[in-house]
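Enquirer: Note that the protein sequences, when read in sequence, are chains A and B. Under the numbering used here, the first sequence has 122 at position 122, and the numbering climbs by one with no breaks. Under the numbering used here, the second sequence has 144 at position 144, and the numbering climbs by one with no breaks.
Everything labelled a hint here was simulated from the structure, so no lab data went into it. Every residue gets a Cβ at the ideal spot worked out from N, C-alpha and C, and that includes glycine. One thing to keep in mind: the hints can contain errors.
[As the list claims (entries may be wrong)] Facing chain A, a subset of chain B residues (Cβ under 10 Å, in silico): (1) Leu129; (2) Thr134; (3) Ser211.
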Amino acid sequence: MRTRGAILLASIITGLALGYTVTNIGFGDYAELNRMFTFQDLRMLLSFAGAVVIVVCAFALLRVRRTPGRIHAGVIPGAVLFGTGWAISGGCPAIPIIQIASGYLPALVSIIGVIVGMRLCRWANGRYFHLDRGSCGL
Amino acid sequence: MSTYWPWWAGAIGLALVTINHTVITDRSLGVSSAWDRVVHWRRERHLEQMDEEFTDDQALAEALAAATAEHFGTGTGASTMTQAPYEESQPLEADIEAAAEDSPAVTNRRPAPLVTQAALLISVFLGGLIAAVTSGRFHLRYDMGPGFRDLVTANPTAMIAVLFVGGVLVGFGTRLAGGCSSGHGLSGCGRLRPVSLVATAVFFGTAVVVSFLLWKVI
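Between the sequences and the hints, there should be enough to build the whole structure, so can you do that?
Expert: What follows is the structure, encoded as structure tokens:
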């Protein structure tokens with residue numbers, strides 16, 4: 001078991017490194033993101049894919065435990081909605097934060113949208129859809 | 001020429017972030033999960049407080065066994081307990097089941113404390129700010145830059161509407177899918193989880209289709 005202090009420190013370091021890295025890769029730049037999604041420039045796509053390959057190898061070497069993670073009912077509709085939102089607003093959940101940090105003040109609207117969307121999801125799914133929402137296991 | 005990092009530097013950076021977080025915290029990295037817990041902080045705090053009351057699993061198991069014995073008038077020795085007060089309980093249970101095969105110690109793993117999720121989000125902002133300032137890209141703007149202006153809209157009202165709708169879709173979609181580009185894309189794909197591979201393929205594929213349809217074709 002990791003202590004609360006260790007997890008807190010790790011989260012702070014992770015956040016700092018993540019914000020620094022994704023900003024320097026260019027994920028907060030809408031033009032760069034669009035060039036990735038339309039395959040005009042593969043630099044960011046290769047960054048992401050390369051990271052996944054390194055992580056797969058590292059997890060195998062470090063014997064990080066495997067989790068089954070069955071394919072739940074919410075994954076396809078949720079991923080479609082997320083992909084649509086990412087393409088039109090330019091922000092996955094971490095990106096509006098670094099957009100504001102880069103000075104793009106309207107990204108605050110994206111953050112408000114994310115908060116509204118998350119509350120709406122929990123409310124609507126609990127009341128109407130009753131889909132299994134799964135978790136990436138944080 | 002782009003002033004951004006080359007692809008290999010980006011790949012190494014993202015990989016190191018993911019690996020370090022996983023190894024140090026024994027938990028997957030997931031920004032949308034952190035958002036979700038911070039957004040619903042009242043409920044999460046309440047659950048944490050309930051959780052803390054039952055921190056001592058052994059004491060709880062003994063209390064349950066004693067209560068059962070008292071109720072039925074026999075010593076059952078029952079000590080089976082499912083600790084899953086959090087809403088995302090099903091996959092966590094699945095995680096725990098899988099972990100039990102590898103390491104009994106992991107069965108005690110609980111969600112990361114709420115305060116660490118808030119710290120993660122604040123740190124992402126600070127990390128982004130440091131990167132923007134040190135690279136000379138920090139400029140206060142009331143728009144989303146030339147890329148958004150040229151490809152989407154230059155109208156301020158339309159810009160606000162697009163950002164809000166996009167944000168709602170991202171928030172709704174990531175929670176319905178159970179993760180985002182960091183949780184499913186990096187951590188989940190890094191573990192070769194089928195659900196994460198499917199989620200990543202679908203959200204990335206959708207983003208490609210929407211980008212072509214909206215900004216390239218129309």
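Enquirer: Evaluate each hint against the coordinates.
Expert: We went through each hint and held it up to the structure:
Interface hint at leucine 129/B: satisfied, since its Cβ lies 4 Å from the closest Cβ of chain A, which is below the 10 Å cut-off. The closest approach between the C-beta of threonine 134/B and any C-beta of chain A is roughly 9 Å, which is under the 10 Å cut-off, so the hint is satisfied. A least Cβ separation of about 4 Å between serine 211/B and chain A falls short of the 10 Å threshold, and the interface hint therefore holds.
The structure agrees with every numbered hint stated previously.
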